[in-house]
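*Asks:* If you're matching them up, the sequences are chains S and V in order.
Using the numbering used here, read the first sequence as starting at 65 and increasing by one per residue.
Using the numbering used here, read the second sequence as starting at 260 and increasing by one per residue.
Hint data in this document are derived by calculation from the structure and do not stem from the laboratory.
We put the CB at the ideal spot given by N, CA and C, even for glycine.
Honestly, I wouldn't trust all of these hints.
Cut-off 27 Å, straight-line C-alpha distance, at most; resulting in silico cross-link-like pairs (DSSO-like, lysine-lysine) [as the list claims (entries may be wrong)]:
1. S:136 <-> S:117
2. V:366 <-> S:590
3. S:652 <-> V:366
4. S:118 <-> S:136
5. S:590 <-> V:375
DEER-style ranges, computed between Cβ atoms [to be verified]:
6. V:343 <-> S:582: 41 to 51 Å
7. V:373 <-> S:568: 46 to 56 Å
8. S:600 <-> V:343: 41 to 51 Å
9. V:373 <-> S:585: 32 to 42 Å
10. V:321 <-> S:536: 57 to 67 Å
11. S:536 <-> V:373: 56 to 66 Å
12. V:373 <-> S:573: 28 to 38 Å
13. V:367 <-> S:627: 32 to 42 Å
14. V:367 <-> S:600: 53 to 63 Å
15. S:526 <-> V:373: 27 to 37 Å
16. S:600 <-> V:289: 21 to 31 Å
17. S:475 <-> V:289: 56 to 66 Å
18. V:320 <-> S:536: 57 to 67 Å
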Amino acid sequence: MHTMRGVWLALALALAGLQSGCGDGLVSENEDSDGDGVVDAVDCAPFNRLHWKKVSAFPDGDGDGLGDGELKEVCGTDESPPPGWAFEAGDCAPRDSTRWRGVSGLYPDLDSDGATGPGPVEACVGAALWGYREQAGPPDCDDEDGRFKEARDAWPDLDGDGVGEGTPVDVCVGKPPPPGLAIMEGDCAPLDATRSEPRPYLYRDVDGDGLTVSAPGELCLAPYQPLPPSYTLQASIGEDCDDSDAAVWRTRDVYVDSDGDGYGTGGPQARCVGAVAPPGQALQGEDCAPGDALLWQWRSYTYRDADGDGDTVPEQGVRCSGELLPQGYAVLPRGLDCDDQDASVRVSWNVHPDEDGDFVGAGAAVTLCAGGTVPEGYSTFGNDCAPSNASWWQLREYRHRDADADGYTVPEAGDVCGGTSLPPGYEWVEQRRDCDDTNATRHTSMVSWRDLDGDGSGAGASETLCTDGSVPPQWSTVGTDCADDDATRWIGRNYTHVDRDLDGATMPEQGGICSGGTLPAPYFTKATGNDCDDADPERTRWVVLYPDQDGDGVGAEPRQIPCLGATLPLGMSIYGYDVDDNDPEVTKSMEDDLHVELILEL
Amino acid sequence: MHPSRVLRAAALLLASVTLAPSALAAETPEPNVPYVFVTVDSYSITGASSIEVTGILQGENTPRTLEFELPAYSTPLEAGQHASRCDRMALLLMNKPGAWLLELTYKGQWAMGSCKLTRRAATPAP
Chain S
65 MHTMRGVWLA
75 LALALAGLQS
85 GCGDGLVSEN
95 EDSDGDGVVD
105 AVDCAPFNRL
115 HWKKVSAFPD
125 GDGDGLGDGE
135 LKEVCGTDES
145 PPPGWAFEAG
155 DCAPRDSTRW
165 RGVSGLYPDL
175 DSDGATGPGP
185 VEACVGAALW
195 GYREQAGPPD
205 CDDEDGRFKE
215 ARDAWPDLDG
225 DGVGEGTPVD
235 VCVGKPPPPG
245 LAIMEGDCAP
255 LDATRSEPRP
265 YLYRDVDGDG
275 LTVSAPGELC
285 LAPYQPLPPS
295 YTLQASIGED
305 CDDSDAAVWR
315 TRDVYVDSDG
325 DGYGTGGPQA
335 RCVGAVAPPG
345 QALQGEDCAP
355 GDALLWQWRS
365 YTYRDADGDG
375 DTVPEQGVRC
385 SGELLPQGYA
395 VLPRGLDCDD
405 QDASVRVSWN
415 VHPDEDGDFV
425 GAGAAVTLCA
435 GGTVPEGYST
445 FGNDCAPSNA
455 SWWQLREYRH
465 RDADADGYTV
475 PEAGDVCGGT
485 SLPPGYEWVE
495 QRRDCDDTNA
505 TRHTSMVSWR
515 DLDGDGSGAG
525 ASETLCTDGS
535 VPPQWSTVGT
545 DCADDDATRW
555 IGRNYTHVDR
565 DLDGATMPEQ
575 GGICSGGTLP
585 APYFTKATGN
595 DCDDADPERT
605 RWVVLYPDQD
615 GDGVGAEPRQ
625 IPCLGATLPL
635 GMSIYGYDVD
645 DNDPEVTKSM
655 EDDLHVELIL
665 EL
Chain V
260 MHPSRVLRAA
270 ALLLASVTLA
280 PSALAAETPE
290 PNVPYVFVTV
300 DSYSITGASS
310 IEVTGILQGE
320 NTPRTLEFEL
330 PAYSTPLEAG
340 QHASRCDRMA
350 LLLMNKPGAW
360 LLELTYKGQW
370 AMGSCKLTRR
380 AATPAP
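Build the full structure now, drawing on both the sequences and the hints.
*Replies:* Set out below in structure tokens:
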């Protein structure tokens, strides 16, 4: 290269010298503007010291060193083309600087998950094999997504119900299948999105009568959809003899029933029937009355009521009947008809003659065949204690007697013939106690005392008298007479004051005396004055007196309290405030009065 | 000149009020019974509304001591005022023995007792 460069440099200098010798001398023929050793005259890039020679190169747009496209002449050097150009072509990815070479025998692993796609393939790569592996890995169901590697089967799902059918294809495990595919197989209706699941059944009940017939099959239903009502896996008890008619389901023998009573005659004929037999036929045979709809079966009876009066007599036999035995036949007795040929009588009565008509008879019993009520003049009761008295017919217990009919009773228990109540003179509850039930005027007991003085109050020991309710003369119900020989005194009274001298003034004294309605003198319950001497009628009171020496009517201390009568002794006064008892002219002090006024005004 | 009877009575009354109580044991009066004192020898205020009087009752010959409750309806002050009017009546009786009769009546625990002063001249002769 240096050799070529020296040649070219000498040539350039020669040309430059030639030009300068022939020129006007303004431009140097040897000028090298970029100093790259190549004069500008021959330098293809006189101002770029890196490029000075024209070379052939390919466009290298991605700058990876390999070009692509048409070979062109560019200004460079022998060692390197200008930027964007390459001496060699063959870039398999002209616009990708990371890939430029084609390598075969690779296996794609675009998501770098270790699992590879279909290979081997030839790929355009760079220095490294990004997105490819030289050895095949496990199959990758989606080489563009590292989350998914393992594949599983999916089936075409044309109706989009999530269940497919047909040739399976691979889809990634864990990844929703692509539209139109389903990971569940077995769509029994590939074109019906409402149904997908085959459901077997064993029995059918088309007529819906609850009885089935064996008819195994399969229905295509939606998931979890139950079998329709007429399809089932469970057999009914017994098989439907006609699954097209809900009214019949069992095979039974039937008989011709001309009277429609449910019982027929003749030989049995097997028919598919329901709860009832077909019209004109019956499930039961042996109709004992084929022409009578009310009678069809034989029933035994043990009692008869031939006269129809409601009461029966024992008789055994059989009778063509309906649901029940006909009238007049029974299996249970009702009464005992004493005459089954006469409807007016049916009861055998064992009764007693009832002479007085009180419905209770007496005497020996007789037996009569009669109607439902007791025969007239007879009674079922035979214990009338008064056969000739209609008011009394039964014994009643009593506890008290009133023999004298005075309304007072004595205790006595027993039984007496009565009616709805006890007869007069007999009682269950005691009335007032009679002290003498033999005498109507004596009935009330009274505790009494002898009242000898007739003052209404007796004395002594008490006695109990049987009376007519009032106290007998000379007797009293009060026994507190304190003086039974004095009609004026009969009660004890207390006194608190006495006036023994009868001067009208009492003195205190307490005691009690036997008296009449009021206390007699000299006894009192209230004081009258305060007798200072009850033995002297002339002295009746205590009086506070003061000696009055000057006789001016006002005395002075010391006071005296003598026992006096109505008059005061001379020389004494009831007043005791004489300030000078030796001077009749002076009784009071003006100074005292002034002092009193002053004190009272305080 | 005699020493002032009023002052003496007042002093006696004051002494009775402030000094030792009466030597006689005080009786409790019967309710609604008028006690008429002819003389008053001693008068003591024993409480806010109680007084103790010693003297001769009309018709009797020995001194007696009775303690009267004179309660007022409202306040202790009113009770004291009520009792103070009885004090003045007692003063008059002690000042002029025989000129007045002092009638005291106890009317129960919840009733206002009464004090009544009567001129002796107006008293009818027994």
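*Asks:* Each hint needs a verdict: does it hold in this structure or not?
*Replies:* A quick look at each hint next to the structure:
no. : hint                        : result
1   : S:136 <-> S:117             : 13 Å, holds
2   : V:366 <-> S:590             : 20 Å, holds
3   : S:652 <-> V:366             : 36 Å, violated
4   : S:118 <-> S:136             : 10 Å, holds
5   : S:590 <-> V:375             : 24 Å, holds
6   : V:343 <-> S:582: 41 to 51 Å : 48 Å, holds
7   : V:373 <-> S:568: 46 to 56 Å : 29 Å, violated
8   : S:600 <-> V:343: 41 to 51 Å : 44 Å, holds
9   : V:373 <-> S:585: 32 to 42 Å : 35 Å, holds
10  : V:321 <-> S:536: 57 to 67 Å : 59 Å, holds
11  : S:536 <-> V:373: 56 to 66 Å : 59 Å, holds
12  : V:373 <-> S:573: 28 to 38 Å : 31 Å, holds
13  : V:367 <-> S:627: 32 to 42 Å : 35 Å, holds
14  : V:367 <-> S:600: 53 to 63 Å : 39 Å, violated
15  : S:526 <-> V:373: 27 to 37 Å : 54 Å, violated
16  : S:600 <-> V:289: 21 to 31 Å : 29 Å, holds
17  : S:475 <-> V:289: 56 to 66 Å : 59 Å, holds
18  : V:320 <-> S:536: 57 to 67 Å : 58 Å, holds
Of the numbered hints listed earlier, those contradicted by the structure are 3, 7, 14, 15.
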